[in-house]
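Enquirer: Listed below are the residues making up each chain.
There are 2 protein chains.
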Amino acid sequence: MNGAETLVKTLLKSDVDVCFANPGTSEMHFVAALDQHPEMRCILCLFEGGATGAADGYFRMKQEVAATLLHLGPGLGNGIANLHNAGKARSGVVNIVGDHADYHLKYDSPLRGDLDGISGAISHWTCRAENAASVAGDGAAAVQAARSGGGQIATLVLPANTAWDEANDPAEPIACTQLERPSNAQIVSAARALCEPGTVLFVGQRALHGSLSQLAGQIAAKSGCELMADFLVPRIERGSGGVDLTRLKYPIGENVALMRHVQHMVLCGANRPVAFFAYPNKPGTPEPDDCRITELCPPDMDYGWTLQAIADELGVGPADRPALVSLDLPGVPTGNLTLEKTGAALAALLPENAIVVDESVTSSEPLLAATDTARRQNWLHVTGGAIGFGLPCATGAALACPDQKVVCLTGDGSAMYTLQSLWTMARENLDVVTIVFANRGYQILHDELANVGVKQAGRNAARMFDVEDPTLDWVSLAKGHGVAATRVTDMDEFVTALRKGLATTDPYLIEVIC
Amino acid sequence: MNGAETLVKTLLKSDVDVCFANPGTSEMHFVAALDQHPEMRCILCLFEGGATGAADGYFRMKQEVAATLLHLGPGLGNGIANLHNAGKARSGVVNIVGDHADYHLKYDSPLRGDLDGISGAISHWTCRAENAASVAGDGAAAVQAARSGGGQIATLVLPANTAWDEANDPAEPIACTQLERPSNAQIVSAARALCEPGTVLFVGQRALHGSLSQLAGQIAAKSGCELMADFLVPRIERGSGGVDLTRLKYPIGENVALMRHVQHMVLCGANRPVAFFAYPNKPGTPEPDDCRITELCPPDMDYGWTLQAIADELGVGPADRPALVSLDLPGVPTGNLTLEKTGAALAALLPENAIVVDESVTSSEPLLAATDTARRQNWLHVTGGAIGFGLPCATGAALACPDQKVVCLTGDGSAMYTLQSLWTMARENLDVVTIVFANRGYQILHDELANVGVKQAGRNAARMFDVEDPTLDWVSLAKGHGVAATRVTDMDEFVTALRKGLATTDPYLIEVIC
Chain A
3 MNGAETLVKT LLKSDVDVCF ANPGTSEMHF VAALDQHPEM RCILCLFEGG ATGAADGYFR
63 MKQEVAATLL HLGPGLGNGI ANLHNAGKAR SGVVNIVGDH ADYHLKYDSP LRGDLDGISG
123 AISHWTCRAE NAASVAGDGA AAVQAARSGG GQIATLVLPA NTAWDEANDP AEPIACTQLE
183 RPSNAQIVSA ARALCEPGTV LFVGQRALHG SLSQLAGQIA AKSGCELMAD FLVPRIERGS
243 GGVDLTRLKY PIGENVALMR HVQHMVLCGA NRPVAFFAYP NKPGTPEPDD CRITELCPPD
303 MDYGWTLQAI ADELGVGPAD RPALVSLDLP GVPTGNLTLE KTGAALAALL PENAIVVDES
363 VTSSEPLLAA TDTARRQNWL HVTGGAIGFG LPCATGAALA CPDQKVVCLT GDGSAMYTLQ
423 SLWTMARENL DVVTIVFANR GYQILHDELA NVGVKQAGRN AARMFDVEDP TLDWVSLAKG
483 HGVAATRVTD MDEFVTALRK GLATTDPYLI EVIC
Chain B
3 MNGAETLVKT LLKSDVDVCF ANPGTSEMHF VAALDQHPEM RCILCLFEGG ATGAADGYFR
63 MKQEVAATLL HLGPGLGNGI ANLHNAGKAR SGVVNIVGDH ADYHLKYDSP LRGDLDGISG
123 AISHWTCRAE NAASVAGDGA AAVQAARSGG GQIATLVLPA NTAWDEANDP AEPIACTQLE
183 RPSNAQIVSA ARALCEPGTV LFVGQRALHG SLSQLAGQIA AKSGCELMAD FLVPRIERGS
243 GGVDLTRLKY PIGENVALMR HVQHMVLCGA NRPVAFFAYP NKPGTPEPDD CRITELCPPD
303 MDYGWTLQAI ADELGVGPAD RPALVSLDLP GVPTGNLTLE KTGAALAALL PENAIVVDES
363 VTSSEPLLAA TDTARRQNWL HVTGGAIGFG LPCATGAALA CPDQKVVCLT GDGSAMYTLQ
423 SLWTMARENL DVVTIVFANR GYQILHDELA NVGVKQAGRN AARMFDVEDP TLDWVSLAKG
483 HGVAATRVTD MDEFVTALRK GLATTDPYLI EVIC
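If you read the protein sequences in the order shown, they are chains A and B. Quick note on our numbering: the first sequence kicks off at 3 and runs consecutively. Quick note on our numbering: the second sequence kicks off at 3 and runs consecutively.
Simulated from the structure, these hints should not be mistaken for lab results. These numbers were taken from a predicted model, which means no experiment stands behind them. Where hints are given, some of them may not hold.
Remember, identical chains collapse to one label, so a pair may be satisfied in a single copy or spanning two.
Below 30 Å or equal to it, Euclidean Cα-Cα: the simulated DSSO-like pairs (lysine-lysine) are [stated by the list, open to error]: (1) K251 / K108; (2) K457 / K11; (3) K64 / K15; (4) K284 / K108; (5) K11 / K251; (6) K15 / K457; (7) K64 / K11; (8) K64 / K502; (9) K284 / K11; (10) K284 / K502; (11) K284 / K251; (12) K251 / K457.
Whole structure, please, built from the sequences with the hints as guidance.
Expert: Spelled out as structure tokens, the structure:
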């Protein structure tokens with residue numbers, strides 16, 4: 003058994019059985035080993051950002067680590083933007099990156115580069131396999147690292163000779179060390195604080211969906227505190243039956259207003275909220291100057307245990323019902339197309355338990371507002387702000403949850419970064435409706451240029467912000483990747499297209515001219 | 003005048019007047035400054051790999067540095083693969099990468115990452131502007147760095163506040179320090195060696211085109227040495243009137259055969275040739291074990307001066323004519339389509355001084371062989387082996403040389419990495435014919451899997467190597483980006499399409515089913 007075979011067997015033993023792959027020559031022995039193990043599902047992505055973004059989406063929905071297979075420094079480089087998003091989401095990902103045979107690294111061959119440097123800049127954990135015998139143990143350690151701290155980016159560099167040389171047995175899974183927890187005194191103090199007026203329980207991560215979000219809602223009901231969450235969260239359960247909470251927005255000015263009354267913010271499973279960017283003469287954080295901040299339990303500590311401990315301290319019981327969102331569906335709008343009406347149509351038609359991947363950027367706000375009281379959805383945001391996230395994340399989410407409808411909301415500018423994921427959706431027959439909001443440009447940059455005081459964009463700015471002359475034709479782009487598509491310009495066309503996309507289980511794309 | 007304005011003015015003073023851009027919010031003040039300077043040509047790329055690859059192609063053809071404008075760590079990350087290729091080509095590129103305002107970096111905002119780490123892993127030179135007053139000088143230093151050593155990757159990180167704060171004047175250009183040169187004794191010794199039997203003058207970089215290549219040919223004529231060059235060179239003048247030399251190939255086995263007789267290799271403007279990858283039981287370098295290697299002048303030293311010094315030492319005069327390739331055009335083939343015949347059609351029809359960007363990978367060899375004696379061409383290779391090079395490089399080359407026809411040869415697998423460049427070709431009306439050799443997969447990986455001893459690809463390997471089910475439709479993909487296209491399946495269709503593409507000055511794409 004060679005090193006590559008021990009690695010594949012080790013990954014499978016550790017319950018990693020999906021690999022988003024974009025291999026090259028240096029990964030051939032690993033590919034040959036995968037070929038012996040059809041129980042490892044290999045998903046080809048035609049660009050590495052598609053692979054890393056899919057692993058992110060997969061983890062967010064399934065809470066399970068997927069592997070990626072990438073080709074040397076440039077392959078990992080192409081995956082950086084979505085690894086950045088995955089890292090900010092605390093998604094666990096194991097990157098297997100092939101490298102030259104170690105004895106070949108002394109030569110300046112074309113693909114030789116600073117792979118370790120690239121990995122170090124984007125991964126929480128990097129290991130270069132020393133020899134074939136160490137590969138299995140390194141693989142088990144990589145999975146452990148990816149599962150640690152709630153989820154991390156772990157990169158295993160696999161020199162070609164460590165894959166092809168003879169090795170020993172695969173390695174057993176390595177359990178993660180227990181996450182850190184706040185002290186009992188901190189729990190008691192936090193529970194007391196939550197009962198005081200003006201206190202917010204600021205939650206994130208898995209406390210925004212499923213049983214932990216319900217528990218957070220119970221704590222709020224019992225203590226009287228306000229429940230709040232950040233804007234770009236990895237996954238949040240919204241709509242009917244979801245816990246009612248205050249969500250921050252993108253503009254720092256709006257967040258300052260939302261937090262004006264807050265006297266004390268207790269963070270649990272979340273970092274403190276900050277402005278997306280700094281702007282001249284605007285604050286970097288939204289809370290009032292005299293607001294107290296208690297960093298009770300960061301996202302890499304055991305915030306699930308912490309919430310339960312607070313609930314216990316408060317004496318939360320079944321009678322303490324969380325405030326839940328009630329179903330309130332709008333009618334299906336007709337007439338001319340607006341983002342607000344598009345949101346209403348989504349709200350009216352989204353099926354129960356849909357997964358909404360949102361990279362619609364400037365189009366997002368009205369879509370979010372309209373779907374607040376729709377059927378229960380899981381909403382996935384671009385946590386790291388690196389665009390090119392939507393289509394890959396939708397791909398991974400659909401693979402993770404084949405029984406749930408995935409709707410990918412994306413701007414045209416952002417979708418262009420990783421449009422190759424459309425092909426993977428077609429190849430794997432994924433149940434994804436992609437809605438491209440084609441405002442023909444980077445609308446956010448027009449807004450931001452105005453923010454810096456430029457009243458009118460000149461030729462250079464317009465040429466950099468507007469994707470016009472020619473316009474993109476998303477119906478043809480989708481067709482080129484094997485995905486059926488249609489273009490809509492009014493609400494009747496949009497509703498017809500959306501009904502069609504929701505009815506089929508094949509991927510479908512709707513280009514919304516807005 | 004703010005920092006951003008001083009930077010734009012400094013770049014223009016340093017003769018950097020093209021910027022391949024993919025900006026974001028942190029670059030808004032730089033964009034506003036560009037807007038005041040229409041003499042800086044801003045070319046929008048819809049993906050950062052398109053911007054960095056275009057800067058590479060621009061430098062290769064014009065020997066002038068272009069700027070890129072990128073958005074924080076993820077933006078630079080997306081540009082890594084083509085910066086890797088550019089670095090291996092020794093193309094000079096100045097990356098301007100916006101970052102958060104320095105006082106905002108203490109927060110874990112979504113886009114905060116290890117930008118300096120990413121830059122350090124891919125750039126020869128990185129500088130983070132300290133304040134607005136330093137930006138102009140940093141910009142001049144970045145251009146100097148990009149021009150040093152024959153061409154380097156220089157990255158200037160521009161925190162938003164250093165762009166928007168008030169600054170002073172723009173900076174004057176900084177001259178590059180003189181390149182190192184070999185000693186006179188080394189020149190004398192090398193000249194003597196070249197006159198001995200079995201000696202090869204192994205040249206690279208600018209010694210493969212223009213007057214320096216003619217000089218190298220004269221040295222070979224005078225000394226009797228053999229002239230050789232590597233396979234993946236940045237730019238080589240081929241065809242009629244080009245200097246006749248021995249080119250290495252991709253497979254190490256063929257290169258061992260090509261160098262079997264070589265007793266002494268004198269390197270000038272080139273690194274020693276090495277195998278692209280290591281393989282079990284194959285050599286890492288092509289020359290015989292007892293071959294002497296003289297590293298006379300690496301590519302980052304003054305190899306132009308060195309060649310002239312050798313010529314002077316040898317007494318090369320006008321009578322020493324280099325061996326030149328003679329024109330020998332094939333007929334235009336008909337009938338069924340093969341790569342060999344496609345190459346013959348190219349050879350028959352390529353116009354004088356065409357620029358051929360070659361990322362056709364496994365399709366390349368017959369195309370190269372067929373065009374050996376065609377009209378004079380400049381041929382640009384994927385120096386770093388990172389695919390996704392072809393379309394961006396063709397974009398930059400076409401912008402650099404608007405009066406020359408550009409032909410981009412690409413595989414379908416490789417073209418998918420950076421297909422967004424098609425839109426930039428359409429936007430800028432670039433004179434590029436793109437020929438996609440659609441073998442529906444990564445044919446090279448089938449070959450490499452066989453190299454590691456796997457006789458038959460199983461399901462996992464086939465699913466990772468074959469881009470089928472569905473096939474890509476390049477005519478639709480091109481149309482989606484605004485580029486006219488056609489699909490051909492026999493030679494008559496190919497020749498008709500090629501004639502059409504060569505006749506128009508708009509971008510055109512031919513999908514060759516092979």
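Enquirer: Among all the numbered hints in the text so far, which are the ones the structure does not match?
Expert: 5 and 10
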